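J.: Chain residues, written in single-letter form:
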Amino acid sequence: MVNPVYIIAVLLSVSFLLGLFRKPGSDFARLAALITLAFPAIVSVSWLLQFLGEPTSPFIIYTAGSVPPFSINLKMGIEEAFLTSAVNILGFFGFLYLYRTFKESGVSAVVLFLVLVMGLNVVIMTRDIFNLFVFLEITSIALIGLIFLKKDINAVSAGFKYLIAVSVISTILLLGIGFIYYFAGTLNIDDFVSKNSGAVKGMSTAVFLVIIAVLLELKPFPANGWGLDVYQSAHPGISAMISAGMATASLFVLYKILPFGAVYWMQIIAAVGVITFVGSNMLGIAQKNANRLLGYSSIGQIGLMVGIIGFSPMLGKHLWMVFFGLFISHFLAKAGLFWLSGMIGKENIKSWSVLRKQPLLLIAFGVFAFALIGFPPFPSFFGKWQLVMDLAAHGQFGWIVAILLGSMLEGVYLFRWLGYAIKLDVEADQKLDLGIEKLIPVGVFALMLFGASHFAIENVPGGLTLNLIPVYFILLLFVLDFLPAKIKNSIAILGMAYYAWLLYPSLQDDTLRLVFAGIFLVGGVLTLFAGYSVKGKRAGFYPFAIMMYAGLIGLVEAKNLLQFFFAWELMTLGSYVLIIRGKKSLVHAYNYMLFSLGGAYLIFLGMALSVAGQHGLSLSLLNTTHFPGWAYTLLAIGFLTKTAALGLHIWLPGAHAEAESDVSPMVSGILLKGGAFGLIVLFLAMGAEKAGGHPLLYALGWLGAITAVGGNLMAVFQEDAKRLLAYSSVGNLGYILFAFAFMTNVGWLTGLTYSINHFLFKTLLFLAIGGVVMRVKTHNMYEMGGLIKRMPWSFIAVLIGIITLAGIPPLSGYAGKWLFYNAVITKGWYFQGAMVFFSGTIAFLYCFKLIYSIFLGQEKDKFRKVKEVPVWYILPQFILIIGIMVFSARPDLVLKPIGALLSQAGYFPTDPLTWENVTASTNLGYWSGYKIMLVIGVMFVTLLTWLLVMSRKAQKVKQFNIVYSGERPFTPETTHFSHNMFAPYYKALGFLTIPVVTSFWEGVNSTAHAFADSFRKIYSGNGQTYIAHILAYIIIVYLIIF
Amino acid sequence: MMYSLIIIVMSLIMLVMAFMAIHHKNLQVAVIASGIISLFASVIYIFLAAPDVAITEASIGSALTVVIFFYVLNKIRQSDDTK
Amino acid sequence: MKYFNIEYISMATGLFLFLVGLWGIISQKNIIKIIISFSVLDTSIHLILVSIGYIRNKTAPIIDGVVSKTDAATKIVDPLPQALVLTAIVIGVGVTALMLTYALRMYSENKTLEINKYKSLKW
Amino acid sequence: MIRNSILILLIAGMAWILFQEFSAYHGADKLNSISEYYAKNAPTETGAANLVTAIVVTYRGFDTLGEVTILFLTAAIIGFMISTGKKTDRKPEQSNSELLETASNVLLPILILVGVYIFINGHLTPGGGFLGGAVLASAIILWLMSATGPKISHALLEVTEAFSGFGFVILGVLGIVLAGGFLDNKILHLGTFGTLLSAGAIPVIYSLIGLKVGAELSKIIIVLNQTQGEEK
Amino acid sequence: MELLIKIGFVLLGLFIILNWGLIMAGIIRKIIARVSMRRGIKIYQPYINLIKNYSIRSQLSHGVMFYLGPVFRLSGGVGIFLFMPLIYGSEIWNNFSFTGDLILIAYFMFFGMLGMALGAGEGGHPYSAIGISRGLAQFTAIEVPFTLALLSLAIQYKTLSISEIVAMQQGGIMHWTLFTNPVATIAAMLSFLGAMGHSPFNVVMAPQENPIGPPTEYHGTFLGVLQTNRAILHVIEAVLYMNLFFGGASSWLELLVKSFFVYFWSVFVGMVFPRFRVDQSIPWMLKIPMVLGILSIVLLIF
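Chains as they are written, first to last, in our numbering: chain Z, 109 to 1150; chain B, 12 to 94; chain Y, 175 to 297; chain D, 1254 to 1485; chain U, 467 to 768.
Take the hints with a grain of salt, since some may be wrong.
Derived DSS-like pairs (lysine-lysine); straight-line CA-CA distance at most 27 Å [as the list claims (entries may be wrong)]: (1) LYS232/Y <-> LYS1283/D; (2) LYS1095/Z <-> LYS753/U; (3) LYS496/U <-> LYS1039/Z; (4) LYS1293/D <-> LYS243/Y; (5) LYS645/Z <-> LYS691/Z; (6) LYS293/Y <-> LYS303/Z; (7) LYS203/Y <-> LYS36/B; (8) LYS258/Z <-> LYS291/Y; (9) LYS1061/Z <-> LYS1293/D; (10) LYS454/Z <-> LYS293/Y; (11) LYS309/Z <-> LYS285/Y; (12) LYS935/Z <-> LYS518/U; (13) LYS249/Y <-> LYS259/Z; (14) LYS518/U <-> LYS496/U; (15) LYS454/Z <-> LYS296/Y; (16) LYS296/Y <-> LYS458/Z; (17) LYS259/Z <-> LYS203/Y.
Residues of chain Y placed beyond 12 Å of chain B at every Cβ, according to the derived structure [claimed, not checked]: (18) LYS207; (19) SER218; (20) TYR228; (21) LYS232; (22) ALA234; (23) THR244; (24) ASP245; (25) ALA271; (26) SER282; (27) LYS285; (28) SER294; (29) LYS296.
Hint data in this document are derived by calculation from the structure and do not stem from the laboratory.
Since the model is a prediction, treat every value here as computed from it, not as a measurement.
Note that the Cβ used here is the ideal one computed from N, Cα and C, for glycine as well.
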């Protein structure tokens, strides 16, 4: 192994010598510097590999031929090896990124860069606090010099503010070091710790000064205005170095000197970090300048890592895993984002839409953003997971809430930003600064995130239980993204089918899971069929579609909490990207993401509460949680965000309505069941029948009923066909929630029947309507009309769909209704039941509106030429119709085994449904789907024959051949009664649809923004005020500690 | 004892100079005041048995710093003149 | 009267200067004044460090006629803080020069030395 | 007014923190264990009579390397910042006094000699590389002020700057190769205690430090002197 | 064989109900006319209308759904009949009520409505759509008190089977739901007013404003089918209420009498009250009848 001191020696001597090459042009100097920078990277990585290979004791570098307390020594252990590797790799690629910039700036900047990297290495490795001070100064000064790469006044003044602030901080650091030496008689960190002289009077203050100075270097909120200004004004390549490199070193310094302080200081440090995380992200939501926003985000993330260091006593042996997960995500992602920012060159986050010119860069942006928030499979997901789990194990729920709140706030701005990049129009005059030297670093860092993910998965407890096959399949689809859509579609379908085949044996006995697995996989395959009608490449669609399905199926397969949450987040991520693909989906996808994120964090918190005080991760821990009330409530609300219960539903209509034609059925018919399945898991955990009297369930029952009414009522007044269906989904999920909340055998059967039905008919309807919308290119129903002549197959599909939806016998919708009544009466929830019934009749209104306005009535001139929807839309529809028919005629095929499972597995033994052949009966009534179908079928055919016989000569007439006061109607438009169809109804009950919920969330949103906007005024821009902040911060923390 | 008295006097002067450095309107005077602080500090270093520090402070901390200050002040004045 | 010892006096002076320097940095609007305040702050730290290294009634840490190699341990003051101060002085001069250059640069851009005129970056 | 009272409050808070330290401070009667080690062993280990030098150049030589780097950085940044402006080789218009010119002509060689002497003797007497460097820099200042004599050669300065720093690092590395570790001064023979050519590599290193410090400080001054404060 | 016999009896029952429906319609219209000082139609006029319509030759169709609309409609009516037990204690006259219970009938009512709505919709006449939208809107409100009453019944009798509900009302007039659960009965009978589509809830038909809605577009055989359905449906709905609230019928005579009076109730009220607009009828239904329905449940629970 190469002695790490050569890193320093080589970097320093090259930078000293480069001064000589000022005149002959800097090309040689740049190249030499780049090659030089590769050297430390190789050295430290080789050290890292060695430490990873076999755990050996750290390598100590002695200087001056003397031993530590007397001379300065450096240490190269696994931690140092890892961090220096990070810093040196960043150094290499950061330099590469700036390669062209350095040509203009000359050799000085190159030298500064080399020294910066050298300084960071020493800061990480040194074990002497005064040496630490010197090299912290070196790195700060080198950075301040590099800020000048951008020569405008903003950069200069920001650099000055930074310089003043850093100088004051390091003066305080030096003061602390002086007194530490006075009291402890040593400057060596290890020596100090072993002497354990913390009890000496005055010592604690000295240590305080050192620690607070290091904390201030990490820019704690709110004493960090100087840092923000630099992030904003410096060249993005330099900001990347500050955010990723400088922070790395400073964090490790904090970690090194931490043993100096008393144990209870850890709490303070944790508080400093978490407050920074929350506060910085809070203020970030009002920020529009990309670099400054990245600054806020960086400071927030670094704060979180400070928090982790503060939590280290609680994390124990997980500390490094947690730190690694969050650190590496921040490190790679933030550097990458700053680099991207440099390529875009404009300040407003809206300008990032230019990334669309380079899809790979957009993907990189997405990867970085998701990694920052902590979505799987990125390391931060596992880091955050383990952090929260360990905090929960120590009962630190307040901190968990704060951390999740901070993450949520971070999501608020990152997803707005990502949405802008994906959706906003590209400004005409905007160019991307694409140089190969800029692309390589971004690409390499994005790829390294995946490598780091692999590492994180291996190290998180329970990580090896994760089923990564779907993830690899997703990655494969990413790789294959250049293929035409049809081929990818086939691959996706085959993949899913194969997976279903693989999965089936393991779920055979668990019919409950099997049903959902069926919905997810069969539904997935069916909805993908529609994709065959898409021409071209359909870039970026398949990986995310499969990601969503992988998440969904992962929920079903999950045996432990980590698997469940992993799958949950995967599902959210995939569906978000699917939704945002719609033309006008920007704001809807954003809402979806925010609600999903909030929901996911509630679930996360609920899980944390569940495992607190218990061992392991098994899902069954939910059964035995020590905090049932809170845990269950949080989990329930979390799942309800996905099922869009009233109050949490505002994302759904837009998201479903504006999605692409074949995405709507995916996200509506199938995705929503993910939330329903979550509720099932939760309810089963609540202890099945004995929890029946739980107040939470009672509340959920009411919520379900209200949601049913609200959702359906909203649907009635929609003019947009897909929005109508979307609101209908809200209502239907209300039924499902209501039914599951019964916690009785029949109640659950109701819920499952509803789930299956909703899957069948909503997928069917969305496919059919989506196909129609695709053809007529409008969502407004009143613009359509009379399309039955053009699209008879679609009409049949919609007809079957609405009959099922409305619960009209003989189709399977009625099965749900019948079970529902029995359940309501057995349970005694009459009023809620009546509400749900009422909502069922309302459903009839919009069913009629849907089918009438689109297919019946007057055909419009402009649609006389439209064709039937593609066969790839029709095909899955008719498969679904067959499904409906089978389920209608023989519900016992599905319900019988489930009923048996529910009663025999001990979930709900009392009052089961009894089956006699095909007739089901309860204590209350009876129902035979098969016979009903038979009777009605025979009757219908008979009557049809009767009419055919009686009016066999019926003459087909033209469209306008109607009795119209003796006149011919002018145009189809004026004759088609469709717009505002239920006006009288609105007059009567419209007051129920006033969007109080939307106003509420808008209020929340504007309040948060207003708060952020007014609070960030503390960053007055005056460098002096920032110094005052620093002093005030020191004093306040001092007063808190002492 | 004698040393102590001398140092007290010098300390007082230093404090006065410090206030002068900060509050005097004329920047040149302020710079010189700060130089005097360094100079007196280096005298104190002699008393504190630190000759190395003393001469370094006197030459670098005091003299050189003041020179740099003056160069910069000069530059600023010049760029005012050329305006 | 232990506070009458020279190390106490110099220590107190150092701490006072420290506060005065800080006061200057946060109260003065003129950038040059801020830099001057910083150099006062810097000097004060040196003074404090040297005071820390002082040992009552001992001489400079140089082996010469007064102090021999063998009895050095009982005759000299602590050399380490002095070494630190040497380093700190040079660093301080570098930082001060850097600040001044920045000030110069800022002045040449905006023609003012008022720090609160440089607030284009905020929030 | 409110602002001032807040600031006073802040200073009062800092004063309170500092007072904690002062009240814990009680001077010292004897060396602590580390400095005692230095006092007992440094002269023999390093061969330097000046213990401060021994520490600065060897035991904490790594700090010194960093410190030299800071000066180097500062000079580079100042050059970087100032040189980006339009370079106008301004001829100093004001005529210097006769006295100054004569003085500089006389003093210049003496100052350089003094500077060199100081850093060569750094291991024996107070002073050393920093002071020597400063003296060299003051010689340069004098040279500039007098504006007579040969123009200062940039190349010479740069070569000095580069190779003194480079030499420092190389000597450090030689320590690993030839002796006990980075920056070990025992790569050269320790010589007779108390003489000029003693203390191993300390005089060499200190000379390099002196040259480096002198070169950097000079560079700062030259850059500040050369350019107009004005750009654009 | 058994099934054939069953079908035979079912058809016989259907025939009786159809005839009773036509006669009853005639009687009622006669009564209405007399009350308003007119001579009115002949009592057998509905027969004449029906036969005339079936035999009209000109048949105009707007499309498949237009054609299927009446079939759906009639299926709805006949279906309810099929699932309804007619005579208490008689296996023969129970039709196919063994396939499903009260809930089936409650939901099968939608079947005919949907078909009608779709058929009329394809006719393309805007007034059809207006009428349907009004009808559906009003129907949602009408169903509320009815459902509450049903729930009340289900709580009271602990069953959803119509036959069992009838069985429990046997043994004297005081066992009728009318007396054992008067509040639910009132709620349901108010809802019945709406279901029958007489004034004040007949804005759906709106003879004055919508003279040319579905009844005009549908003519000839189609209209005949619709009229057939109307005759069956009115009786069978009355039978439903009779079964649920008035002790059912143990003989055909009882059925005919009781259904007449139940039906007459709606006509009677229609004679007295003016018509509601839709936006009036909905709140009205959601006030008194709904409160009564809730009250009926509350009284049973506590």
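J.: Now, for every hint given, state plainly whether the structure supports it.
T.: Hint check results:
1. LYS232/Y <-> LYS1283/D: With a Cα-Cα distance of about 9 Å, the restraint between LYS232/Y and LYS1283/D holds, given a limit of 27 Å.
2. LYS1095/Z <-> LYS753/U: Holds, at roughly 16 Å.
3. LYS496/U <-> LYS1039/Z: The given pair, whose Cα atoms are some 41 Å apart, is violated under the 27 Å limit.
4. LYS1293/D <-> LYS243/Y: The given pair, whose Cα atoms are some 7 Å apart, holds under the 27 Å limit.
5. LYS645/Z <-> LYS691/Z: holds (17 Å)
6. LYS293/Y <-> LYS303/Z: violated (48 Å)
7. LYS203/Y <-> LYS36/B: holds (12 Å)
8. LYS258/Z <-> LYS291/Y: Holds - the C-alpha atoms of LYS291/Y and LYS258/Z are around 20 Å apart, at most 27 Å.
9. LYS1061/Z <-> LYS1293/D: violated (126 Å)
10. LYS454/Z <-> LYS293/Y: Distance ~20 Å between LYS454/Z and LYS293/Y Cα, so the pair holds.
11. LYS309/Z <-> LYS285/Y: Between LYS309/Z and LYS285/Y the Cα gap is close to 50 Å, so the pair fails against 27 Å, i.e. violated.
12. LYS935/Z <-> LYS518/U: Violated, at roughly 53 Å.
13. LYS249/Y <-> LYS259/Z: Given that 27 Å is the threshold and the Cα spacing comes to 55 Å, the pair is violated.
14. LYS518/U <-> LYS496/U: Holds, because 20 Å separates the two Cα atoms, which is no more than 27 Å.
15. LYS454/Z <-> LYS296/Y: holds (18 Å)
16. LYS296/Y <-> LYS458/Z: holds (19 Å)
17. LYS259/Z <-> LYS203/Y: holds (24 Å)
18. LYS207: violated (6 Å)
19. SER218: violated (8 Å)
20. TYR228: violated (5 Å)
21. LYS232: Violated: least Cβ distance 6 Å, not greater than 12 Å.
22. ALA234: At roughly 5 Å from the nearest Cβ of chain B, ALA234/Y sits no farther out than 12 Å, so the non-interface label is violated.
23. THR244: Fine: 19 Å to the nearest Cβ keeps THR244/Y off the interface.
24. ASP245: For ASP245/Y, whose nearest Cβ neighbour in chain B is about 15 Å away, the distance exceeds 12 Å, so it holds.
25. ALA271: violated (5 Å)
26. SER282: Nearest chain B Cβ is 6 Å from SER282/Y, so the label is violated.
27. LYS285: violated (7 Å)
28. SER294: Answer for SER294/Y: holds, closest chain B Cβ roughly 21 Å.
29. LYS296: Holds: least Cβ distance 25 Å, greater than 12 Å.
Of the numbered hints given earlier, the model fails hints 3, 6, 9, 11, 12, 13, 18, 19, 20, 21, 22, 25, 26, 27; all others are met.
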